[in-house]
Amino acid sequence: MTAFPSPLVGYLLVAAVLFAIGLAGALVRRNAIIVLIGIELMLNSANLNLIAFWRFGPHPEALTGMMFAILSIAVAAAEAAVGLGLIISIYRHTNTAELDKINRLKG
Amino acid sequence: MNAVFYLLAAITIAGGLAAILLKHLIHAALAVTVAFGGIALLFLQLDAQFVGFAQFLVYIGAVAILIVFAILLTHGAELPREGVFSKSWITALIIAAGVFAVTGWAVLQSVDAVPQRNTVPAVSVHDIGNALVGRYVLPLEIVGLLLTAATIGAVIVAMLEKERSR
Numbered sequence: 000m001t002a003f004p005s006p007l008v009g010y011l012l013v014a015a016v017l018f019a020i021g022l023a024g025a026l027v028r029r030n031a032i033i034v035l036i037g038i039e040l041m042l043n044s045a046n047l048n049l050i051a052f053w054r055f056g057p058h059p060e061a062l063t064g065m066m067f068a069i070l071s072i073a074v075a076a077a078e079a080a081v082g083l084g085l086i087i088s089i090y091r092h093t094n095t096a097e098l099d100k101i102n103r104l105k106g
Numbered sequence: 000m001n002a003v004f005y006l007l008a009a010i011t012i013a014g015g016l017a018a019i020l021l022k023h024l025i026h027a028a029l030a031v032t033v034a035f036g037g038i039a040l041l042f043l044q045l046d047a048q049f050v051g052f053a054q055f056l057v058y059i060g061a062v063a064i065l066i067v068f069a070i071l072l073t074h075g076a077e078l079p080r081e082g083v084f085s086k087s088w089i090t091a092l093i094i095a096a097g098v099f100a101v102t103g104w105a106v107l108q109s110v111d112a113v114p115q116r117n118t119v120p121a122v123s124v125h126d127i128g129n130a131l132v133g134r135y136v137l138p139l140e141i142v143g144l145l146l147t148a149a150t151i152g153a154v155i156v157a158m159l160e161k162e163r164s165r
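Protein sequence lines, in the order shown, are assigned to chains U and A. Per numbering that gives the first Met the number 0, the first sequence starts with residue 0, numbered consecutively. Per numbering that gives the first Met the number 0, the second sequence starts with residue 0, numbered consecutively.
Since the hints were derived computationally from the structure, they do not count as laboratory data. Glycine included, C-beta positions come from ideal geometry on N, C-alpha and C. Don't take every hint at face value.
As the list claims (entries may be wrong) - Simulated restraints, written as ranges between beta carbons of each label pair: (1) U:Arg103 / A:Ala9: 40 to 48 Å; (2) U:Pro57 / A:Leu78: 49 to 57 Å; (3) U:Leu104 / A:His74: 50 to 58 Å; (4) A:Ile25 / U:Glu60: 42 to 50 Å; (5) U:Thr93 / A:Asp126: 48 to 56 Å.
Unchecked claim - Once the Cα atoms are required to be at most 25 Å apart in a straight line, the calculated PhoX-like pairs of lysine-lysine come out as: (6) U:Lys100 / A:Lys86; (7) U:Lys105 / A:Lys22; (8) A:Lys86 / A:Lys22.
Stated by the list, open to error - Here chain A is said to cover these stretches of chain U; the calculated rule only asks that three of the stretch's residues, wherever they fall, bring their Cβ under 8 Å from a Cβ of chain A: (9) 69 to 81; (10) 86 to 96.
In isolation and in its complexed conformation, chain A is listed as follows:
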C-alpha cells in the first residue's frame, strides 16, 4: 500500500510542478491532466471509489478539455517575448513557501491528534445515492442551481462581445 501511495504522490506532485513550470501552455495543460489523474488515483487508494471516478470524469473529461479549448481560443500556443514568469516571482515564491511551511508545520505538530482509524469504510454507491437525495438534498439542489446559473453565465460572458461589435 505504501509503495503505491509514494508512487501516486510522486506522479501527482511532478504533474503539478510541471504544470506551473513548463513554458508552453499545451504542455502545462497535459501536465495538469497528469496531476488530476494522480489525485483521482489517490482517491481510489483512499477507498473513495465514487469520488475517484467522478474526479476522472469531471477533471480529465471536462476541465482539461475546457483548458485546452481556452488555450486554443486565446492563441496561447505562442510564447510571449517577455517570458512566462511575472516580475515579482521571488515574492510569490516566498509567499508559497511560507504557506507550505505553516501548513506542513501544523500537520506535523498534530500527528498525535489526528484520527488513526484504519478499517476500510463499508460505503456503497447505493448509500451515497441515498444520502444525496436524503440528508444532503438541499446542498444537491443548490449545486444544481449553481451549475445552471454558472453555465448560462459563462455562455453570456463569452458571447456578449460578439453581439456588441455587430
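The shape of chain U in the complex, shown without the other chains:
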C-alpha cells in the first residue's frame, strides 16, 4: 500500500527534511529570532526520530525513546527561554537583532 518500504522510513525521511529546513533557516536568515526558530525545528525533527524508533523498534514497554523525547522537549523549552532572553538582552545593547550587525565582543 505504501510507497515507502516501511512506515518508519517515511517518518525518518520527514525528520531528515525538517532537519535540513531548520539548518537552512539557521544559516540563511539574518534575524536572530529566525535562527532560533530553525534550531527549534531541528530539535523537533530529532524528537520525531526518537518517537518513531520507539514506536517501531523492539521493547516499546521499556519507554526509552519516549523518555528521551519528553526530557528533550523540556530541555528545548529551557533553551528557547534562555535564547530569547539573550536575544532581547543583545537587542537592548546594540539596538538590532540582525546577526551580521552584531560583530564585536566588547560590551
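Given the structure of chain U, go ahead and fit chain A onto it with the hints provided.
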C-alpha cells in the same frame, strides 16, 4: 493511515519551509506554530499520545508565545532594508542540501536494517508516570534542576541591562 501520514507530513514540511522563507517575522512565527502542530499530530499518529499533547502544550502553548513576545520586544515587525537573507546564503543552502543528502542516503541505505514491528505499543499514561518516578527519576530531577536554573538565568540575562543603565 497512509493518507493521514502524507497529509501531516506535507503540513509540517510546508510550515517549516514557510517559517524560514517568509519575510515578516510574525508570519514566520505563525508558520512555525503550524509546523509544531504538525509534529504533535505526527506524534499522535505514532501512538505517542502523551508526548503529542506535551508537544501541543509546550511548543504551541509556550514556545510560540515566547517567540511572538521576543519579536514584539525587539521590534522585529519592521523589515530590514538590506533584505532578510544573509550574504552567504548559497553556501548555507549547499551545506543544508549536503546534510539532507547524507541523512536521506543513510535512511534509504538502511531500509532492510530498520525494525518493522507493527503492533501498537500498549503503554498508558500510568506506565509513563511510573517510569518517570521509578527508573528515570534521576534524569527527571536533573531536568527539573536545569529548568529552574534556565528560568532564573533567562530572567537575569534579560534584566541585567536595565539595572546597569539606572
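Right, here's what the structure says about each hint:
Range check, Arg103 (chain U) to Ala9 (chain A): Cβ separation about 43 Å, and the 40 to 48 Å hint holds. Checked against the hint of 49 to 57 Å, the pair Pro57 (chain U) and Leu78 (chain A) passes, with Cβ atoms roughly 51 Å apart. About 24 Å separates the C-beta atoms of Leu104 (chain U) and His74 (chain A), a value inconsistent with the hinted range of 50 to 58 Å. Distance hint check for Ile25 (chain A) and Glu60 (chain U): the Cβ-Cβ separation is about 44 Å, which falls inside the suggested range of 42 to 50 Å.
Distance hint check for Thr93 (chain U) and Asp126 (chain A): the Cβ-Cβ separation is about 50 Å, which falls inside the suggested range of 48 to 56 Å. For the hint linking Lys100 (chain U) to Lys86 (chain A), the alpha-carbon distance of about 12 Å falls within 25 Å, and the restraint holds. With a C-alpha separation of about 30 Å, the suggested pairing of Lys105 (chain U) with Lys22 (chain A) is violated against the 25 Å cut-off. In summary, the hint linking Lys86 (chain A) to Lys22 (chain A) is supported, as the alpha carbons are separated by about 16 Å, within the 25 Å threshold.
Closer than 8 Å: that is the beta-carbon criterion, and the segment 69 to 81 of chain U has 12 residues meeting it against chain A, so the requirement of 3 holds. Look at the segment 86 to 96 of chain U against chain A: 7 of its residues bring a Cβ nearer than 8 Å to a Cβ of that chain, three or more, so the hint holds.
In this structure, the hints that do not hold are numbers 3, 7, in rising order.
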